[in-house]
Amino acid sequence: MTAQPTQEGAAGTVRRPDPVLEVTALEVHYGPRRRRRRALHGVSLSVAPGETLGLIGETGSGKSTLARAVLGLATASAGSLVIGGEDVGGYGPRQWRGLRRRGVVQYVFQDPLRSLDPDLAIEESLAEPLLVQGVARQEAAERVRAFLPRVRLSEELLDRLPGELSGGQRQRVAVARALVAEPRLVILDEPVSALDSANRVQILEILKELRADGVALVFISHDLGSVAGIADRIAVLHRGELVETGAAADMVNRPQHPYTRLLVGSAPTLHGAPARRAEREALRALLHA
Amino acid sequence: MTTLSKNTVAHRTRKDLPGAASGDLPGGAAAPAPPLLAVRDVRITDRVHDREIVHGVDFELTPGRTVGIVGESGSGKTLTCRAALGILPPHFEITGGCVEIDGTDTGTLTPARWTALRGATIGAVFQDPASYLNPSVRVGAQIAEVVRVKKGLKRREARRRALELLEAVHLRDPELVYGQYAYELSGGMLQRVLIAAAIAADPRVLIADEATTALDVTVQAEILDLLADLRERTGLALVVVSHDLAVVAQLCDEVLVMRQGEVVERGPTRSVLHDPRHAYTRLLIAEHEQYGLDKFLTPQEDA
Amino acid sequence: MVRRILALTSGRIAVAVLAVVALLALLGPLLAPQDPLATSDNTLAAVSGGHWLGTDYLGRDTLSRLLDGSRVSVLGSLEVALTALVVGAIPGILSVQLGRTFEWITLRLADTLVALPFLLFAVAVIALLGNGITQAMLVTGALVSPLFYRVARAATLAVARSQYVEAAIVSGASTGWIVRRHVWGKVLPPVAVAFAQTVGTGFVIVSSLTFLGIGVQPPAPTWGGLLASDLGYLSHQPWAPLAPALLITVTVWACNLLADAVRDVSGEAGRTLVNHRKARARRRGGAGPAPAGGA
Chain A
4 MTAQPTQEGA AGTVRRPDPV LEVTALEVHY GPRRRRRRAL HGVSLSVAPG
54 ETLGLIGETG SGKSTLARAV LGLATASAGS LVIGGEDVGG YGPRQWRGLR
104 RRGVVQYVFQ DPLRSLDPDL AIEESLAEPL LVQGVARQEA AERVRAFLPR
154 VRLSEELLDR LPGELSGGQR QRVAVARALV AEPRLVILDE PVSALDSANR
204 VQILEILKEL RADGVALVFI SHDLGSVAGI ADRIAVLHRG ELVETGAAAD
254 MVNRPQHPYT RLLVGSAPTL HGAPARRAER EALRALLHA
Chain B
6 MTTLSKNTVA HRTRKDLPGA ASGDLPGGAA APAPPLLAVR DVRITDRVHD
56 REIVHGVDFE LTPGRTVGIV GESGSGKTLT CRAALGILPP HFEITGGCVE
106 IDGTDTGTLT PARWTALRGA TIGAVFQDPA SYLNPSVRVG AQIAEVVRVK
156 KGLKRREARR RALELLEAVH LRDPELVYGQ YAYELSGGML QRVLIAAAIA
206 ADPRVLIADE ATTALDVTVQ AEILDLLADL RERTGLALVV VSHDLAVVAQ
256 LCDEVLVMRQ GEVVERGPTR SVLHDPRHAY TRLLIAEHEQ YGLDKFLTPQ
306 EDA
Chain C
4 MVRRILALTS GRIAVAVLAV VALLALLGPL LAPQDPLATS DNTLAAVSGG
54 HWLGTDYLGR DTLSRLLDGS RVSVLGSLEV ALTALVVGAI PGILSVQLGR
104 TFEWITLRLA DTLVALPFLL FAVAVIALLG NGITQAMLVT GALVSPLFYR
154 VARAATLAVA RSQYVEAAIV SGASTGWIVR RHVWGKVLPP VAVAFAQTVG
204 TGFVIVSSLT FLGIGVQPPA PTWGGLLASD LGYLSHQPWA PLAPALLITV
254 TVWACNLLAD AVRDVSGEAG RTLVNHRKAR ARRRGGAGPA PAGGA
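Chains as they are written, first to last, in my numbering: chain A, 4 to 292; chain B, 6 to 308; chain C, 4 to 298.
Treat the hints loosely; a few may be bogus.
[As the list claims (entries may be wrong)] Just a few of them, taken from the derived set where beta-carbon distance is under 10 Å, the chain A residues facing chain B: (1) S200; (2) L227; (3) Y262; (4) L265; (5) G268; (6) A270; (7) L273; (8) E284; (9) L286.
[Said to hold, decoys possible] Cβ-Cβ distance ranges computed for the label pairs, FRET-style: (10) C:A118 - A:Q141: 49 to 57 Å; (11) A:L76 - C:A157: 42 to 50 Å; (12) B:H279 - A:D90: 26 to 34 Å; (13) A:D21 - C:T115: 51 to 59 Å; (14) A:R280 - B:L158: 28 to 36 Å; (15) A:R105 - B:G61: 56 to 64 Å; (16) B:R56 - C:A157: 35 to 43 Å; (17) A:A201 - B:R161: 52 to 60 Å; (18) A:Q259 - B:T113: 55 to 63 Å; (19) A:R97 - C:A248: 55 to 63 Å.
No wet-lab data here; the hints were simulated from the structure.
Backbone N, C-alpha and C fix where the C-beta goes; we use that ideal spot for every residue, glycine too.
Based on the sequences and whatever the hints tell you, model everything.
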C-alpha cells in the first residue's frame, strides 16, 4: 500500500472546544480481591463535541469495560473521568443517576433485540429516556414523533413490539432511543455489525448527520475497517492499554504500533493488495514475543 | 441453528474408499483439470411452503481454485452449500439441476456413498465452531476419531495424525491443544480445530460457510491466511461463503453475488470489483469505499 | 390488561364463574333457605323439595350449609393467597433490586419457612395468637409464601440481567421505575399462576385445618369441612360429597383458567395475539394499512 501523505493537520489537529468526555490515566480492575484482574491500565483519551471517535479493540481488549466505566456501570480504581465538564470520580449511585437524568451520555447496545424491552411498544421504549428525565407524557410523545423522520422510521411502527420489526428497523429504534433525549455523548457498541449492507449504510448515514448537530460519538468496534470511514479519530485498545490514537487517515495509512499495523493489515479490503500475509506473520510473531 | 453434528461429517463407515471417490490423483494437477465440484443450475425448494428458495446456482471448482459466494442472510448461499454437501435441512429438496462431485452426479448416490464422499472428498466448516464439537470429549480425540473412521488408522497412528493436523492449522502447541476441551479454547482456536477435523481425511474441496464471521478481525485474517496456505500446499479447492464482499475478495478467483435466491452477478473477482453490473453489487462495493478502509486506499488497477 | 383478559373466551368464562363465587361469598348466608346449624331427626335425607341437596348426619340442610360456608371458605383461601403474595412476591422482587444484604436475609428466611413442619408451626402460632380463622390463614399464607418468593425472584433475576434494564439505568431510571416499567410485567404472569394455585390449595388447607379444629370451629360450615364430613358417610349417601366437591373444583378450575388467561395476554405473546385480532378486524373493515415494511 502506498503511504500517501495526507493533508497535514486537516483531520487531526484542529483546535477543539472543551471535550465532552475526558478520560485520564484510567484504571479499572474487576473480580474478587484474590483474583483481581486489570481490565484497563492508564487509559487517557478525550472526545470533543461533534467529533466521532472510533474505539477499536478485540475480545478482551477492555473496550466494553471502558464503555461501562464511562456509563458508571463499572468503577474505576484510579484515574479521572470528566463527563460534560463534571468530574464523576467518586460519584455514588445517586449522583450517577442525576448525571444520567440530565441526559449527557447515552448508549446503543450491540444487539437491539435484547436492548429493547420485548413487552413494550416501540413508542414506550422511545419515550422512556424522556419520561425518566421528567418530561411530561404528552410532550414526550410529541418529541418522539418529531424525531422519527431523522432515523427514517414511520409512525406506523410506534405501536409495534420489537419482535415485529426487521433487524434494520430495530437498530434504528435503538439509535433513536439513545438520541431522542438529545445527549451530548453517545457510545455505540458495534451498532452495525449485525446488519446487512443496506441497513449498515443507512445507520452510518444517520450517524453522520448527527455529527453536524454537535453530538460526540464513540464508536466501539473490533474491526478498524468498519469504523475507519466514519470516525474522525481512532483509538486502539490492546490488552487493556491504549496503544495508539490518531486521525483516522493517519491510522490507516501510517499505523505506528505493531498491533495497529496488524489490525490494519488484517481488515479485509476490496482493493488492498492481497499479498500481505508475510507481513502479518511477522507482526504476529512480534506481538506474541 | 444447524443440526449437522461432527458425526455427520465423520460418519461411521469402515469402507471409506469406494470406487468413485478413490483418489488416484493426489493433488498433482493434470493440464485441463476436470471440475472437482460442479454445481449445475441448482434449484432448491422448500417443500412445506412449496416455494423455490434458490433459483439456479451454477459454478465449477477445479483443484487449487477458490469460488466465493456473497450474500446476506436468506440469500440462499448456505442452502447452496448444504446442497453441495448433501445435507439439506428436512423439507428442502433439489428440484432442478444437479451437483457433481469429482464427475459423479450426486443425485444418484446412495446415503452410504454420500457418507463416504463427505470428509474424504468434500469437507466443510461453519460459523459457530463450538456447536460442532462434543463439549465433554477432548478436541484431539475428536479429530483422531475422524481419522480412525475415515482412514482406518489404528489408535496410536490416529493420534499422531491428529497432532500433525493440529500443527498443519498452525496451532501453537498441538500437544497441549490435543488434550483440551472445547470450552478451554478461544473462537479462533476452535475454528482451527474444526478445520483440522475437516481436512483430516484429505478432502479435495473445503466449503467455508461464514467460517470467520464471529471472529475478531486479526483472527479472521489468521484463518483466511490458513485457508490460503492449505490451498497452496495441498491444492485444496475452496468455496468461501460470506456476507462480506471484502472477505471473499481476499481469497477468491471467482465471485458469485446472491440475493433472494438468485445469482445477480458473477465473474472473476477483479472484474466484479472493478466493473460491477448489478446495483446490489455496487451497493456492497460502495459501502466499503465510503465507510470502510477502502476510503483511504487508492484503487489499484492490478494487485 | 382487564380488557385483554376479557377478549379471551377462557378469560370471560373464568371471570363469570369467579363473579358467581364472589356473589355466593357475599350473599350466601342471606340466601340460605334454612338455619345451617339447626339439626333435625331427618338425618342423611335424600334430595327432596324441602332439602334440595338433602341433609347431613345431624339432619342439617346441606344447601344452607354450603351457602353459609361459602363466605368463610372463599375469604379464607383468598386470605392465604394474598398473605403469601404480599409476604412472598414483594421481597422476591426486591431481593434482586435492593442489594446483597437484603438478598441474603430474605433467602435464608425463605429457606427457613420451607423447612418448618406445616401443622406443627400452625398449632404453635395458634397457641400463641389464639385460635381464629384470621390467625390460621395468616400462618398458612406465610408458610406458602416461599413459593411466591422463588417465583417472583426467578422472574426478576431474568429481567434484571437484561440489556433493556441496563439501557434504562443508563438513561437515569430509578429502581422504582425499573420495577414498574420492566420487571412487573414479566413477574406478574408466573405470580398470577402461583396465586391461582394457592387459592385452590387454600380451600383444601382451610378444610384440613378445620378437621384438626384449628381456625374454623366445628359447627360452623365450610366447603372443605362439608366434604370431610360427607366422606365419612359415603356408604349411606354416595352422592353427598358431590356438591361441595363440585363447588371447590369449579372454583379452583376458574382460578387456574384466569391465571392462564393472565399469562396469555401479558408479555409479548399476548400483545401479538391482540395485534392479530386488531389486524384481522382492520382487514375485515376494508382498506387496512400496508403490511410491515421489512428490509
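Under 10 Å, Cβ to Cβ, is where L286 (chain A) needs to be relative to chain B, so tell me if that hint holds or is violated. holds, 9 Å
Regarding Q259 (chain A) and T113 (chain B), is the given constraint of 55 to 63 Å on their beta-carbon distance met? holds, 60 Å
Cβ-Cβ distance between D21 (chain A) and T115 (chain C): within 51 to 59 Å? holds, 57 Å
Does the closest beta carbon of chain B sit nearer than 10 Å to the beta carbon of L227 (chain A)? Because about 7 Å separates L227 (chain A) from the closest Cβ in chain B, which is inside the 10 Å limit, the hint holds.
Measuring from beta carbon to beta carbon, are L76 (chain A) and A157 (chain C) in 42 to 50 Å? Because 24 Å falls outside the window, the suggested range is violated.
Answer holds if the nearest beta-carbon of chain B is closer than 10 Å to that of S200 (chain A); otherwise answer violated. Because about 5 Å separates S200 (chain A) from the closest Cβ in chain B, which is inside the 10 Å limit, the hint holds.
Under 10 Å is the threshold here; is the Cβ of A270 (chain A) close enough to any Cβ of chain B for the hint to stand? Holds - the Cβ of A270 (chain A) comes within 10 Å of chain B, reaching about 5 Å at its closest.
Are E284 (chain A) and chain B close enough, Cβ to Cβ, to be under 10 Å, as the hint says? Hint on E284 (chain A): holds, closest Cβ of chain B at ~8 Å, below 10 Å.
That 55 to 63 Å hint for R97 (chain A) and A248 (chain C) (C-beta), does it hold up? With Cβ atoms ~57 Å apart, the hint holds.
Within 26 to 34 Å or not, the Cβ separation of H279 (chain B) and D90 (chain A)? violated, 53 Å
C-beta pair R56 (chain B), A157 (chain C): status relative to the range 35 to 43 Å that was hinted: holds, 41 Å
Regarding the hint that Y262 (chain A) lies at the interface with chain B, is the smallest CB-CB distance below 10 Å? holds, 8 Å
Hint compliance for this structure: hints 11, 12 are not met, and every other hint is.
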